[in-house]
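Q: Sequence:
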Amino acid sequence: MIKTKIIDLIKKTIGNDIEVEISIPGNEQFGHYSTNVALKLAKIRGENPMKIAESIKYEVLSTKPNFFEKIEIVPPGFVNFWVSEKVLQNEFENIYKSGGKWGKSKNKIKKNIVIDYCGINIAKPMSIGHLRSTIIGQALYNILKFSGHKAIGDSHLGDWGKQFGVLIAAYKEKQKDKKLKDISLEGLMELYVDYTARMKNDSKLEDIAKEEVKKLQSKNKENLKIWKKFRSITFKELKNIFNLLGVKFDHQLGESFYNPMLGDIVSEALRKKVAVKSEGAIVIFIDDDKTPFIIQKSDGAYLYATTDIATVKYRVNKFKADSILYVVGNEQTFHLSQLFNAVKKMGIIKNQEMAHIKFGLVLGEDMKKLSTRGGKHISLEDVLKEAIIRAKKIVEEKNPKLILKEKEKIAKIVGIGAVKYNDLSQNRQSDIAFQWDKMLNFEGNSGPYLQYTYARLKSILRKSGFKKFNSKYLNEKTEMDLILKLEEFPLVIERITINYFPHYLADYLFELAKLTNSFYQSLPVLKAEKEIKKARLALIKAVANVLKTGLNLLGIEAPEKM
RNA sequence: GUCCCUGUAGCUUAAUUGGAUAAAGCGGCUCCCUUCUAAGGAGUAGACUGCAGGUUCAAUUCCUGCCAGGGACACCA
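Quick note, the working numbering runs 18 ahead of the 1-based positions in the first sequence.
A couple of the hints might just be wrong.
As the list claims (entries may be wrong) - Taking lysine-lysine and the DSS-like style, the derived pairs with C-alpha atoms no more than 25 Å apart in a straight line are:
id : residue 1 : residue 2
1  : 503       : 552
2  : 168       : 180
3  : 163       : 331
4  : 403       : 481
5  : 21        : 61
6  : 362       : 291
7  : 233       : 222
8  : 75        : 58
9  : 579       : 481
10 : 481       : 548
11 : 430       : 416
12 : 75        : 30
13 : 416       : 532
14 : 579       : 427
15 : 503       : 163
16 : 23        : 128
17 : 456       : 485
18 : 104       : 88
19 : 503       : 423
20 : 239       : 142
21 : 425       : 456
22 : 75        : 104
23 : 23        : 115
24 : 104       : 503
25 : 180       : 315
26 : 552       : 566
27 : 233       : 142
28 : 163       : 295
29 : 331       : 295
30 : 295       : 338
31 : 290       : 308
32 : 180       : 243
33 : 115       : 180
34 : 363       : 308
Unchecked claim - Label-pair restraints from in silico Cβ distances:
id : residue 1 : residue 2 : range
35 : 205       : 455       : 28 to 34 Å
36 : 104       : 124       : 53 to 59 Å
37 : 485       : 39        : 38 to 44 Å
38 : 455       : 264       : 20 to 26 Å
Quick caveat, the hints were computed from the structure, so don't treat them as lab data. For each residue, glycine too, the CB sits at the ideal point set by N, CA and C.
Can you build the whole structure from these sequences, using the hints too?
A: And the structure:
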């Protein structure tokens, strides 16, 4: 790669005192590549940055005079590099040769990375809020795997605990007067909401619910059967959504799975003197924090904190996790920081990385929190269906000649792609507004724009056979820009494996698509002179590869036609 | 009350984690379908980066204090 070559060259001139960083300036006048290492070094050494910059330029140029078109130094001490056309052409041949593997990094340390995402609850429909965790988690999963790590996707199911007492109680109540054979997820949700509301004014109902949990936890046959039914109803309905979204997990271990281990976790914490008894409960105090991490209630019951610790232990022992990523909303920041500290204190975690991949809320159009209570509940399935319907309309409009089956296929790919891209193109940390028009926007910076670009490239490629090419025929400015952009792809991937921000990839793909659209708008491909045509076809093929790879990493399909 | 996060064109967001003239999309206004898909392309107008200080050669980014919005904070998940 060009970047690493330049870094090596600079290192030869200034030594290893400081890490050399090369950036790709947004502004063309600052070169293809640029470094501020002279400025940083000047500070350390107390020297004049311009002098250091000058010596870097001189030394680099004298070692490899043909590599660069020019090198400029700019006050207060930037060094800007323009690589020569020949270098870019050669690099393009490498990119072309690696095909769909371009961007995969080699010889990196392979880590076992557990990614905790999606986190659905049994007997609750998935809401628009779950979408973020699922999409971001899946994208990170794909990207980490692509860059050579072992990614382990584990959706931590909310399938145990107090709420099942309520549900079972409500369910049994309804069972008396009505048959409940075909109750839907939505129906279960309604039962739950209704019962909880009544419970507030009626302590009898609360007692019944408590009784039902106890029975469930002591493996009462009837309750276990109802609980299993809730699970199967949930999975049956969620299967549709998972199919639509193309999400897969390696594991779906939930709270019920970890439940038998919780007693041991508490005694381990006590034995290691990490936990103490306080106000009747067993808690872990983190540093001087006043708020303890409660692992056992005064009535003896365990909490999700306990389950979370058990989960970490299991992941470290069974999955040999080097890294555990929690793709969970911002609001859990405090809880997770407590958890991370607790497992370190207990010695469950040593050098492993624990990271909270946090994301903002999905807010309503008014930028206020969407609530499941006030009737504002937005079902994820409805959103996805609406997206597909809107996409279908546009396909009808743009491509009436296609057969129905193909139209439907495209509508699905485009509609889902739009929803996913809308989420993934934004910095996960900030809150996002739920706006139909924006989410399902098919123009501009959107999923469909990228898909459209890909489809156009494929359409051109379909119209011509493929032959050997010579990269020296690529010398227009837009072509050089495209090669430079392709060259950037592995760097983008690498950054994401460090920062876990998938929007870098979305951003990159958008820029690549923009350059590409601009390229074939101004330069003919199929009608170009023979040698040029072959070279441009190769360029298009390489771009199409990266677009497809990139989109797929984001979990978005790239259609051949649209 | 304590702690955490966010504040960037009219709207929705970027800014390579301290770099150069703050970048896009939507919306507005001009152009381009007898060249490979107009879900496209080429232009143009639009910003005192919430406010006030500080650190630095360099601040949207770091520090302090305000203002505004959101979130978390002992037996819910």
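Q: All hints are to be evaluated individually against the structure, with a verdict given for each.
A: Hints, one by one, checked against the model:
1. Proposed proximity of residue 503 and residue 552 is supported: the alpha carbons are some 20 Å apart, at most 25 Å.
2. Proposed proximity of residue 168 and residue 180 is contradicted: the alpha carbons are some 35 Å apart, above 25 Å.
3. The suggested pairing of residue 163 with residue 331 holds, with an alpha-carbon distance near 23 Å, which does not exceed 25 Å.
4. For the hint linking residue 403 to residue 481, the alpha-carbon distance of about 34 Å lies beyond 25 Å, and the restraint is violated.
5. Taken as a hint, the residue 21 and residue 61 pair is honoured in the structure, with Cα atoms around 24 Å apart against an allowance of 25 Å.
6. Straight-line distance between C-alpha atoms of residue 362 and residue 291 comes to about 13 Å, which keeps the hinted pair within the 25 Å bound.
7. Proximity of residue 233 to residue 222 is assessed by CA-CA distance (about 17 Å); at most 25 Å being required, the pair is judged to hold.
8. Straight-line distance between C-alpha atoms of residue 75 and residue 58 comes to about 16 Å, which keeps the hinted pair within the 25 Å bound.
9. With a C-alpha separation of about 13 Å, the suggested pair residue 579 and residue 481 falls inside the 25 Å cut-off, and the hint holds.
10. Restraint check for residue 481 and residue 548: the C-alpha separation of about 15 Å stays at or below 25 Å, so the hint holds.
11. Only pairs whose Cα atoms come within 25 Å are accepted, and residue 430 paired with residue 416 is accepted, the gap being roughly 15 Å.
12. Distance check on the hinted pair: residue 75 and residue 30 sit about 12 Å apart at the alpha-carbon level, within 25 Å; holds.
13. Among the hinted pairs, residue 416 with residue 532 is consistent with the structure: their alpha-carbon atoms are about 21 Å apart, no more than 25 Å.
14. Restraint check: the Cα-Cα separation between residue 579 and residue 427 comes to about 10 Å, which is no more than 25 Å; the hinted pair holds.
15. A threshold of 25 Å between alpha carbons decides the hint, and for residue 503 with residue 163 the separation of about 23 Å falls inside it, so the pair holds.
16. For the given pair, residue 23 sits about 24 Å from residue 128 by alpha-carbon distance, which is consistent with the 25 Å threshold.
17. Restraint check for residue 456 and residue 485: the C-alpha separation of about 42 Å exceeds 25 Å, so the hint is violated.
18. Between residue 104 and residue 88, the direct Cα distance comes to roughly 13 Å. Compliance with the 25 Å bound is thereby established for this hinted pair.
19. Distance hint between residue 503 and residue 423 is unfulfilled; the C-alpha atoms sit about 36 Å from each other, more than 25 Å.
20. Simply put, residue 239 and residue 142 have alpha-carbon atoms about 23 Å apart, close enough for the 25 Å limit, and the pair holds.
21. Between residue 425 and residue 456, the direct Cα distance comes to roughly 23 Å. Compliance with the 25 Å bound is thereby established for this hinted pair.
22. For the hint linking residue 75 to residue 104, the alpha-carbon distance of about 20 Å falls within 25 Å, and the restraint holds.
23. With a C-alpha separation of about 19 Å, the suggested pairing of residue 23 with residue 115 holds against the 25 Å cut-off.
24. About 16 Å separates the Cα atoms of residue 104 and residue 503, which keeps this hinted pair within 25 Å; it holds.
25. At roughly 13 Å between alpha-carbon atoms, residue 180 and residue 315 fall within 25 Å of each other, so this suggested pair holds.
26. Between residue 552 and residue 566 the alpha-carbon distance is near 21 Å, which keeps this suggested pair within the 25 Å criterion.
27. The straight-line distance between the Cα atoms of residue 233 and residue 142 is roughly 21 Å, inside the 25 Å bound, and the hint therefore holds.
28. At roughly 43 Å between alpha-carbon atoms, residue 163 and residue 295 are farther apart than 25 Å, so this suggested pair is violated.
29. Annotation: proposed proximity of residue 331 to residue 295 holds, straight-line Cα distance about 22 Å (limit 25 Å).
30. Between residue 295 and residue 338, the direct Cα distance comes to roughly 32 Å. Violation of the 25 Å bound is thereby established for this hinted pair.
31. A hinted pair counts as satisfied when its Cα atoms are at most 25 Å apart, and residue 290 with residue 308 qualifies at roughly 21 Å.
32. Only pairs whose Cα atoms come within 25 Å are accepted, and residue 180 paired with residue 243 is accepted, the gap being roughly 17 Å.
33. With a C-alpha separation of about 57 Å, the suggested pairing of residue 115 with residue 180 is violated against the 25 Å cut-off.
34. With a C-alpha separation of about 17 Å, the suggested pair residue 363 and residue 308 falls inside the 25 Å cut-off, and the hint holds.
35. The beta-carbon spacing between residue 205 and residue 455, approximately 31 Å, falls within the hinted interval of 28 to 34 Å.
36. Between residue 104 and residue 124 the Cβ separation comes to about 25 Å, which falls outside the hinted range of 53 to 59 Å.
37. Between residue 485 and residue 39 the Cβ separation comes to about 41 Å, which falls inside the hinted range of 38 to 44 Å.
38. About 25 Å separates the C-beta atoms of residue 455 and residue 264, a value consistent with the hinted range of 20 to 26 Å.
Going down the numbered hints, you'll see the structure goes against 2, 4, 17, 19, 28, 30, 33 and 36, while the others check out.
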